[in-house]
Amino acid sequence: MLYGIKLMSSPKTAVLGNALGAGAMLAAIAVALLEAGILTYPLLWAGLGVGTALGWVAAVKVLMIQMPQMVAALNGLGGGASALVGLVLALQGEAVGAFAHFTTGLTIAVGALTFGGSALAAAKLHGVVSQRPQELPRHAAVVTVVTVLSLASLFFAGRTAAFVQLILALVFGVLLTMRVGGADMPITISLLNSLSGVAGAIAGFPLKNPLLVAVGGIVGASGFILTQIMCRAMNRSLLSILTGRTTVTGTPSRESGLEAPTQAASACQWEQALAEAERVAIIPGYGMAVAQAQLQVKELIDLLEAGHKEVKVGIHPVAGRMPGHMNVLLAEVDVPYEKLHDMEAINEFLPGADLAIVVGANDVVNPAAMAQPGTPIYGMPIIRADLAKHVMVLNYDTQPGYAGVPNSLYEEPHVSLLLGDAKETLEKVLGFLRQPQKEVAGGRPSAEAGKFLSQAEQVIIVPGYGMALAAAQHQVRELVDVLQGRGIQVKIGIHPVAGRMPGHMNVLLAEVDIPYDMLYTLDEINPEFSSTDVVLVVGANDVVNPAAQTAEGTPIYGMPILSVSDARHVVVCNLDRSPGYAGVPNALYNMPHCLFVEGDASQTLREIISVLTEQG
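Sequential numbering of the sequence shown, starting at 770, is according to our numbering.
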């Protein structure tokens, strides 16, 4: 069990650690049942069967977006099980002695408190009841009375006392959780998880089961440590969270006139900022979870990195509705764990970042936490998205977060708001990134291609069968001469199956007297692409298609390709965007650093040469 917990501290070994922990718990159950000698009871096996079936159904049916309420429900079931054990012991009169009576009552109290609090937490997270903090009239007085009565009931034994303990603890759990707002739910769930372990540990005393005491103690201690870590990260006390002092009740007001003007004013700014950014931070929040936009975030990361941008994802310790909520959602879509950075690390990155993209996060990026004393979030550490050169906020609207404090980030002059469902606004951003760069001052893609080539220091030309069809080898030779005349280093990469016969490209290029020592094989040229300014693809398709590395089940999957997408810029001179002979759409064409110059290769090369010649 302990070794499993140790393994779960690392993402690389977490799955194994979880399996070991589950296996250890199964072994503990088996040992307990063997010791009690009740393995022949049919009711026992029926209970095990029902529990296993329910667990399996939950594992298969529950979506990742529903994981917070699932965790809350499991915490509640753990506490409820302990409470039932204590209740049965009390009703059967098996607790003998003052210590046994006291621990039995305490088991009922802590277990029922955990069940009541977790049930309400799960209901809040599932949207059955409002996620905003709620209070009864004279709430503090009611809590005080229930607390005193609960403590007093522990000193009484008997059936009546047991039921009183059960009811008071259930009420106390509900009273405790109802004042917690949605943004503080991760800390509350962590605390309830700890209490479920504590309830199990206490139940071990009247049962005289040291294994239950030990395992429950481990769960209780680890959960409480996590709770304290999260409270410190938020610069809040656990008491202030449980008493509702970190949120504002009631309906938050919207800053009038903020939404539309800001969004309209920044409509063009974000596109330019996105295109020009080299260092990008992505900051997800609960809005990403609500919109189930984690897949779009993954694609955003991929497209940005395909454009040779440095991308880091910043995770606030309480982003979402359970500990590690953002980590779980991003792991679901295979975002590498190494790309996820904690608050301290991402805050070191942000002052030098060109762009910060906020996806569904609010309170955790609100600068008011540093500037507005007296507000519920004042003093709470935040992710400093405001320090980036430009900020894109993809939130549903401009209303305050669960703390009820208007977000001053929205009013900053370097911030662009893209309001609406995060999945839809991300699709808008992705649509922009998928578009190949087209128009420039000259109005033609060939003019942009000429601009790239004129500014390059290293160029690699990749010919294919389209060059042969267009008989464009003469233009390739002319382009090589023009580039070399500018002092640009030129190499030519030849794929072993480019063309329609072995050595097809070599023969055509030899025909126009291109020196053989300029031609490089696939293995020789692939390491060069990452340090190359521009790759010019002339009539090649399947042999440069990145889908060969990712699209399982397609005819080209697993085929070695020329890694042209690694270059800083890629110019493709192909007849059209149709798939090659393998019938697989070319993923290269949609990459943000790819410029597609459509048409007959000999003609488009002439246009590019003309642009270079005019530039002198």
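By construction, these hints were calculated from the structure, which means they are not laboratory data. Idealized CB from N, CA, C, for every residue including glycine. Any given hint might turn out to be false.
[Stated by the list, open to error] Restricting the straight-line Cα-Cα distance to at most 27 Å, the calculated cross-link-like pairs of lysine-lysine (BS3-like) are:
(1) Lys1078 - Lys977
(2) Lys1081 - Lys1260
(3) Lys1067 - Lys1081
(4) Lys1108 - Lys1081
(5) Lys1081 - Lys781
[Stated by the list, open to error] Label pairs and their in silico Cβ distance ranges:
(6) Asp1111 - Leu980: 32 to 38 Å
(7) Tyr1165 - Glu1321: 33 to 39 Å
(8) Leu785 - His895: 26 to 32 Å
(9) Val829 - Gly1189: 42 to 48 Å
(10) Tyr772 - Tyr1350: 52 to 58 Å
(11) Pro1265 - Pro1182: 51 to 57 Å
(12) Ser1300 - Lys1197: 45 to 51 Å
(13) Trp825 - Val1102: 19 to 25 Å
(14) Val829 - Gly1143: 46 to 52 Å
(15) Ser1300 - Val784: 16 to 22 Å
(16) Gln861 - Thr782: 26 to 32 Å
(17) Gly1352 - Pro1120: 43 to 49 Å
(18) Thr929 - Gly820: 38 to 44 Å
Let me make sure I understand: some of the numbered hints might not hold for this structure. Which ones are they, in numerical order? 1, 2, 9, 12, 15, 16, 18
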